[in-house]
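Residue numbers (the working numbering), protein chains in the order written: chain G, 3 to 238; chain S, 15 to 411; chain Z, 6 to 385.
Calculated directly from the structure, the hints in this document are not laboratory data.
A few of these clues could be false.
What the hints assert, rightly or not - Derived pair list, reagent style BS3-like, types lysine-lysine, alpha-carbon separation capped at 30 Å:
#, chain 1, residue 1, chain 2, residue 2
1, S, K274, S, K89
2, G, K132, G, K75
3, S, K303, G, K131
4, S, K102, Z, K235
5, S, K130, G, K75
Each chain, letter by letter, is given below.
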Amino acid sequence: MEPVITVENLVQSAGKKTILNRVSFEVYRGESLGIFGTGDTGKTSLMHILAGVDKFKSGSVEVLGFNIKKTEKFKRKLGLVTQAPSLFNDLKVSENLDFIAVLKGVKKDRIPGIINQFELENYLDRPVKKLDSGVYQRLSTACALLNEPEILIADEPLRSTDIYSTRIIITELKKFIAEGGTCLWSFKSPEFFDLADRIAWLDEGQVNMLTPWRAREKWTSQVQDIYNSSGENNAQ
Amino acid sequence: MRQVLNIANYETRHVFKDIVLFGMVFLIPLAYIAFFSCVYIAGILTDIPLGIVDLDNSKVSREITTTFKNCPKFKTIDSINTYDQLEKAMNNGTVRAGIVVPEDYAQKTSHRQDTKIMAVYDASNLIWGYNIKRYTSQVIGEIRANHTASYLAGQGYTEKEVKNIMSSISGNIEVWYNPTYNYTAFILPALIMMVLHQIGLLSVCLTVTREKENNCWLQYLCSPIARWKIFLGKALPYFIAIFFNYALLTWSTSYFIDLKIIGSTALIVLLGFLYSTFITSAGFFISTKVPNSLQATRYIMLLSIPMFIISGYTWPATHIPGFINFLARLLPFTWMAEGFRLVTLKELGFQYVNHIILILAAAAALSTILALQFKKRQKPREKGLTVNCGPTYPGNK
Amino acid sequence: MLNSYLTIMRREITYMWRDKGLRYILLLVTLLSLFLFWGTYSAQLLKDIPTAVVDLDRSNASREITDKLKTAENLKITARPGSFAELKELIKQGEVVTGVVIPEDYAKDTALGRHTRIYTVIDGSNFIYATNASTAVLSVTRTVSAEVGIQQLTGSGMQYQQAQEAYRGIQIQQEPWFNPTLNYAFFLVLGWVLNVWQQCCTLASCMIIAGETGMCSWLQIKAAGFSRLKLFTSKSVVHVITFMLLILPVYIIANWVFKIPFNDHFWLLTLFTLVFTISLHSIGALASSVARNSLDATRYGMIIALPSFVLSGYTWPLEAMPQALQVFAKVIPQTWFFQGVNYITFKNPGWEFISHYFIVLAALAAVFYTLAAAITAYRY
Numbered sequence: 003m004e005p006v007i008t009v010e011n012l013v014q015s016a017g018k019k020t021i022l023n024r025v026s027f028e029v030y031r032g033e034s035l036g037i038f039g040t041g042d043t044g045k046t047s048l049m050h051i052l053a054g055v056d057k058f059k060s061g062s063v064e065v066l067g068f069n070i071k072k073t074e075k076f077k078r079k080l081g082l083v084t085q086a087p088s089l090f091n092d093l094k095v096s097e098n099l100d101f102i103a104v105l106k107g108v109k110k111d112r113i114p115g116i117i118n119q120f121e122l123e124n125y126l127d128r129p130v131k132k133l134d135s136g137v138y139q140r141l142s143t144a145c146a147l148l149n150e151p152e153i154l155i156a157d158e159p160l161r162s163t164d165i166y167s168t169r170i171i172i173t174e175l176k177k178f179i180a181e182g183g184t185c186l187w188s189f190k191s192p193e194f195f196d197l198a199d200r201i202a203w204l205d206e207g208q209v210n211m212l213t214p215w216r217a218r219e220k221w222t223s224q225v226q227d228i229y230n231s232s233g234e235n236n237a238q
Numbered sequence: 015m016r017q018v019l020n021i022a023n024y025e026t027r028h029v030f031k032d033i034v035l036f037g038m039v040f041l042i043p044l045a046y047i048a049f050f051s052c053v054y055i056a057g058i059l060t061d062i063p064l065g066i067v068d069l070d071n072s073k074v075s076r077e078i079t080t081t082f083k084n085c086p087k088f089k090t091i092d093s094i095n096t097y098d099q100l101e102k103a104m105n106n107g108t109v110r111a112g113i114v115v116p117e118d119y120a121q122k123t124s125h126r127q128d129t130k131i132m133a134v135y136d137a138s139n140l141i142w143g144y145n146i147k148r149y150t151s152q153v154i155g156e157i158r159a160n161h162t163a164s165y166l167a168g169q170g171y172t173e174k175e176v177k178n179i180m181s182s183i184s185g186n187i188e189v190w191y192n193p194t195y196n197y198t199a200f201i202l203p204a205l206i207m208m209v210l211h212q213i214g215l216l217s218v219c220l221t222v223t224r225e226k227e228n229n230c231w232l233q234y235l236c237s238p239i240a241r242w243k244i245f246l247g248k249a250l251p252y253f254i255a256i257f258f259n260y261a262l263l264t265w266s267t268s269y270f271i272d273l274k275i276i277g278s279t280a281l282i283v284l285l286g287f288l289y290s291t292f293i294t295s296a297g298f299f300i301s302t303k304v305p306n307s308l309q310a311t312r313y314i315m316l317l318s319i320p321m322f323i324i325s326g327y328t329w330p331a332t333h334i335p336g337f338i339n340f341l342a343r344l345l346p347f348t349w350m351a352e353g354f355r356l357v358t359l360k361e362l363g364f365q366y367v368n369h370i371i372l373i374l375a376a377a378a379a380l381s382t383i384l385a386l387q388f389k390k391r392q393k394p395r396e397k398g399l400t401v402n403c404g405p406t407y408p409g410n411k
Numbered sequence: 006m007l008n009s010y011l012t013i014m015r016r017e018i019t020y021m022w023r024d025k026g027l028r029y030i031l032l033l034v035t036l037l038s039l040f041l042f043w044g045t046y047s048a049q050l051l052k053d054i055p056t057a058v059v060d061l062d063r064s065n066a067s068r069e070i071t072d073k074l075k076t077a078e079n080l081k082i083t084a085r086p087g088s089f090a091e092l093k094e095l096i097k098q099g100e101v102v103t104g105v106v107i108p109e110d111y112a113k114d115t116a117l118g119r120h121t122r123i124y125t126v127i128d129g130s131n132f133i134y135a136t137n138a139s140t141a142v143l144s145v146t147r148t149v150s151a152e153v154g155i156q157q158l159t160g161s162g163m164q165y166q167q168a169q170e171a172y173r174g175i176q177i178q179q180e181p182w183f184n185p186t187l188n189y190a191f192f193l194v195l196g197w198v199l200n201v202w203q204q205c206c207t208l209a210s211c212m213i214i215a216g217e218t219g220m221c222s223w224l225q226i227k228a229a230g231f232s233r234l235k236l237f238t239s240k241s242v243v244h245v246i247t248f249m250l251l252i253l254p255v256y257i258i259a260n261w262v263f264k265i266p267f268n269d270h271f272w273l274l275t276l277f278t279l280v281f282t283i284s285l286h287s288i289g290a291l292a293s294s295v296a297r298n299s300l301d302a303t304r305y306g307m308i309i310a311l312p313s314f315v316l317s318g319y320t321w322p323l324e325a326m327p328q329a330l331q332v333f334a335k336v337i338p339q340t341w342f343f344q345g346v347n348y349i350t351f352k353n354p355g356w357e358f359i360s361h362y363f364i365v366l367a368a369l370a371a372v373f374y375t376l377a378a379a380i381t382a383y384r385y
């Protein structure tokens, strides 16, 4: 299979703290890669690096054949859904779509279709500040898909979304992959393991590539360990 | 270009939505200058409260005090009659100048004894001090001339002869550029430049900072849009506003309060263009660097006074030590204030300001280059304790 | 009881310290500005005004005039252009501020009692230069014309002493009070530094309410049911003490090292500054109480603090401003402060006079604090 993202010996640190320590992996076209980690394990850092938003300390990252340190061309084929809200607070939903289309340099005739896909028709005149988190996430994903990217990087897209919105987002992600897109998305809840083809398990600056089945196994044993150790403590 | 205009469009819409920002961009410069114009509206100090203590009360002393009384710059305060009263009034600011004619002045002078009239003035505020010194010198000159004339007349010279003798030398003083020593004409142009500089910086410096605070900056970073387009789009509305304000303030001060603004329009426009470019780019540059709007605002606000003082606009550069002059010359404000004065007040042509234009052009170019240097990649943030120095400040979320 | 006050005070100090921007501003800016402004005005007196002499006569008499100009108070001959056109050029270029033209045949004309004209040009574009130059030149031309007059009178047969009496009969001595050397540094350094200082203080005091209610921790304070008055007082005490600690070294250095005269009123000035600090803080609190967030609070505070010096009449006199503006100025504590500082450092206004200033500042503080309290109570 053809790799669309190649990461080699990636090191990232903030101040004295090392966040990613010599991480290497590849992502293949058409796959859904789940990036899993509990708490602050560097998911966002990794995804921001891949999206060409953050600087990194050393190593090499190639996206769609481009060295991301040297060019921005890959950003034309990339979409990013951020974890923290990053849409334009001072604008309405429709204006956000319009403006982000401008930033991405895409034609505006994409917009009505996207609105339809994410069922945003009723919210167009609302300021994004006032949106529920579910709708906000839908809009966020919609904006990321405006430029018909080949790779979608979504940082916890399903965090605190309502069931209805979760369903819409999952459907659209599946559709995106079915149409040949590659998706990297992160989560910290084990219930989403099965939605990914592979899991990149982030822990202490290291990435372990696992199958969803192995990931679930690892999770169960970790949970078990915690219960056991606390049980021993109680016994003493 | 479509992208640039679109960014500019959304930036403008933001300015119109944020009421405080809107005020800063469109109203406050005008309001400040209107306010300063009111402060300095008089332009020339007149009605200076004067206390006259005539302890002699002779014909001679009355003549002298009358000359002072008749001088339109002074206003005599009649309630002051003794030296103690004068001293007290000087101390509490009721009068700013005083004339003391000592006892027996007329008698002593006629006997050629040593005696003197004192003209005292308040030098604790040198605006009073310098002005009164000049006015008093003029009045004293008049008094002496009167004395000479009457003395010669007493010696039997005819009026024509007296006039001939006295006018054998005329010492004309011609004051160019600001013949009335008008303080407004002197100070207001610099204040206009200061207000444009400060309010301009304060508004532009929020353009990227704001996006960073709201995390929206990520949207720019993850888009394949060139840096110069972001810069141009975001800076364009501010540049237009600053240049518009420059034109508005220049025109309105000249129209409403008769500020002397003459000289070549092309030069005025050129100076304004370069200055506005510098302010916009510098503001953008600052906004890419500072952590949040609060900190940016604080630092920029504190700039005004030091900038004004060291510029050599009031206290002349010839009397300022070299290293401070060096510092001042690094600031475009220094050059702009001087250049504007040369063009509008002194009505000088291109050959006198070409070096200033060159320097301002360099400053504009340099600041634009610097503004374009911002990185489309963020540094990962260390999560330390950053009180009000991180991407937030109290109340912005 | 006292303990809780102290705890809040300690926390406020930590808060101000950890706000790095604010810390640097408070610690450095005021003191730095003292050195910068003192440096700028270190010449202190406006002597050596660059002067050009155009001597078209080149006679002994004209050289005498040049000598007089040389020794004249405040003038310094820096150029001797050969023609009026050259002088004009020098003034345009700003090389000289004033130029004196001695006409051709000056010596001959004066000797023959013919009318002659000494022509002086002053560049009026800088007010400070222009006023001083004109006074200086005026005194020289007057002396010269008196001497020529005396010469003529004695030439026409009058006794020298009589002739002198005609011209020098009246002696009026000009005497600047309070600042006898017209020292510009004494006049402005302290004023400007205090202006910078009050701006720094405004920046800090604008945080007092908005800096607290704008943080999530405000909920903790609300939930704890902690007395707001206690909170506010403790914080304010820290602010006022900090502001005073910032200005005291400035006063000490200004007075003892730079010898800026305080007229032996060091302690009175300090006390006066304390009262002003409180009233300045009250304005900050008011700005802070109406603002949406700390940024706006800072902006509102600075809208008052920035132009207050201009309005205070410390430079351009209050009396020369329009009536309405004078009334407005009197609502602003800075006006009273800067006026008061001028009186205290230069003059001997007497307690009766200056106590008035103390009372007004205290009253303004009371009004602003009350307003701030009312608005805060209403909003939060």
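Hints, one by one, checked against the model:
no., hint, in the structure
1, S:K274 x S:K89, "holds, 28 Å"
2, G:K132 x G:K75, "violated, 34 Å"
3, S:K303 x G:K131, "holds, 26 Å"
4, S:K102 x Z:K235, "violated, 45 Å"
5, S:K130 x G:K75, "violated, 88 Å"
The structure is inconsistent with the numbered hints 2, 4, 5, although it conforms to all the rest.
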